[in-house]
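Engineer: Could you slot chain B onto chain A? The hints should help.
Those sequence lines, one after another, are chains A and B.
Residues in the first sequence are numbered consecutively from 1, following our numbering.
Residues in the second sequence are numbered consecutively from 1, following our numbering.
These are calculated hints, taken from the structure and not from any lab test.
Backbone N, C-alpha and C define an ideal beta-carbon position, used for all residues, glycine too.
Among these hints, one or two may not hold up.
Claimed, not checked - Chain B regions said to be covered by chain A (calculated; three or more residues, Cβ under 8 Å):
{"hint": "1", "stretch": "75–88"}
{"hint": "2", "stretch": "99–110"}
What the hints assert, rightly or not - Here are some chain B residues pointing at chain A (derived, C-beta under 8 Å):
{"hint": "3", "residue": "14"}
{"hint": "4", "residue": "31"}
{"hint": "5", "residue": "34"}
{"hint": "6", "residue": "37"}
{"hint": "7", "residue": "49"}
{"hint": "8", "residue": "53"}
{"hint": "9", "residue": "66"}
{"hint": "10", "residue": "70"}
{"hint": "11", "residue": "93"}
{"hint": "12", "residue": "96"}
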Amino acid sequence: MHIPDGYLSPQTFVPFYIVMIAIWKKAIDKIKKELDLKNIPYVAMGSAFSFIIMMFNVPVPGGTTGHAVGSAIIAILFGPWMAVISVSIALIIQALIFGDGGLTAIGANCFNMAFVMPFVAYYVFRFFQKRFNKVYLSSFISGYLSLNIAAIVTAIEFGIQPYIANEGGKALYCPYPLKIAIYAMGAEHLLLFGFVEGFVTAGVMYYFIKNNDESLKIKAMEDL
Amino acid sequence: MRFSIFNKKILKWLLILSLITPVGIILPEFFKAQDAWGEWGTDTIKELVGYIPSGMEKLEGLWKAPFSDYAIKGFDNGIVKLSFSYIFSAIIGVCICILLTFFALKLIKRNEKNA
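For reference, chain A alone in the conformation it holds in the complex (with noise of 0.2 Å):
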């Protein structure tokens, strides 16, 4: 889901940063007001979990590969502006060291794994959590969810290209449209990828219930 430079427009990709840039200022606002100090070290531990667990690229056998992204359960424990921070963070570490993902491609890639993907998370979570009362079965529906809607969401930044940027009937950038990128993210993370995610979810959650001595507070069960 890490889009590379040269799949995306100047007049999309320059759109994405600025929208970041606004979103990021907000995370800072919300952080400065709401952060716990004692989640501080759990925070900058989600950034490196999201950063690894997308080193674990899982096969489509005879296709292609993909990978959980752990903003899910960073959202859910931490809330989703502290999702924001730490994701975008391991995004840009890996588009700038790794080249995982584009340099161009830094404010759409932050936009989909580390905005949409968390509040997504975050209120699917709560949505389910209060109805059912099954904190795993809310985690693992959390994580399906929010990466199959931050991957339909990164094939329509792709699915675009062909329409606002060619010239003379050819591509100047991704060269798939709208169907077929919406059809072949869609099927891959609907079936294999979004599984992935959601047991990323429940396990962590299932560790995090299991071993929290600090009696951290679980961010999206405040209040329901």
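Structural biologist: For chain B alone, coordinates are given in the frame of chain A:
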């Protein structure tokens, strides 16, 4: 940085995960899976659609990352060397992410107190 017992447990897990990251290249190799969708290089794009989009060609080489594709130069051929590269990149990445996020959050909180 002072770490609680729970912090240390998580750090231990991050180290374990770092050491087993080669799974992330061995599994795709075993199942003959290729790049992620939409992350192909220009060579593959040419094979797939018959041409390299001109804008893509211009932007593609824009940034030369020091450890491109999580590989150390000279340690990027063959699964054993790649695995070594991968573990190295994982540990570097984990350390940078923790330090950067930790100090970014500390800085944000400190500015609040001074304000």
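Engineer: It remains to establish, for every hint, whether it holds in the given structure.
Structural biologist: A quick look at each hint next to the structure:
no.: 1; hint: 75–88; result: violated (count 1)
no.: 2; hint: 99–110; result: holds (count 9)
no.: 3; hint: 14; result: 5 Å, holds
no.: 4; hint: 31; result: 4 Å, holds
no.: 5; hint: 34; result: 6 Å, holds
no.: 6; hint: 37; result: 5 Å, holds
no.: 7; hint: 49; result: 5 Å, holds
no.: 8; hint: 53; result: 5 Å, holds
no.: 9; hint: 66; result: 6 Å, holds
no.: 10; hint: 70; result: 5 Å, holds
no.: 11; hint: 93; result: 5 Å, holds
no.: 12; hint: 96; result: 5 Å, holds
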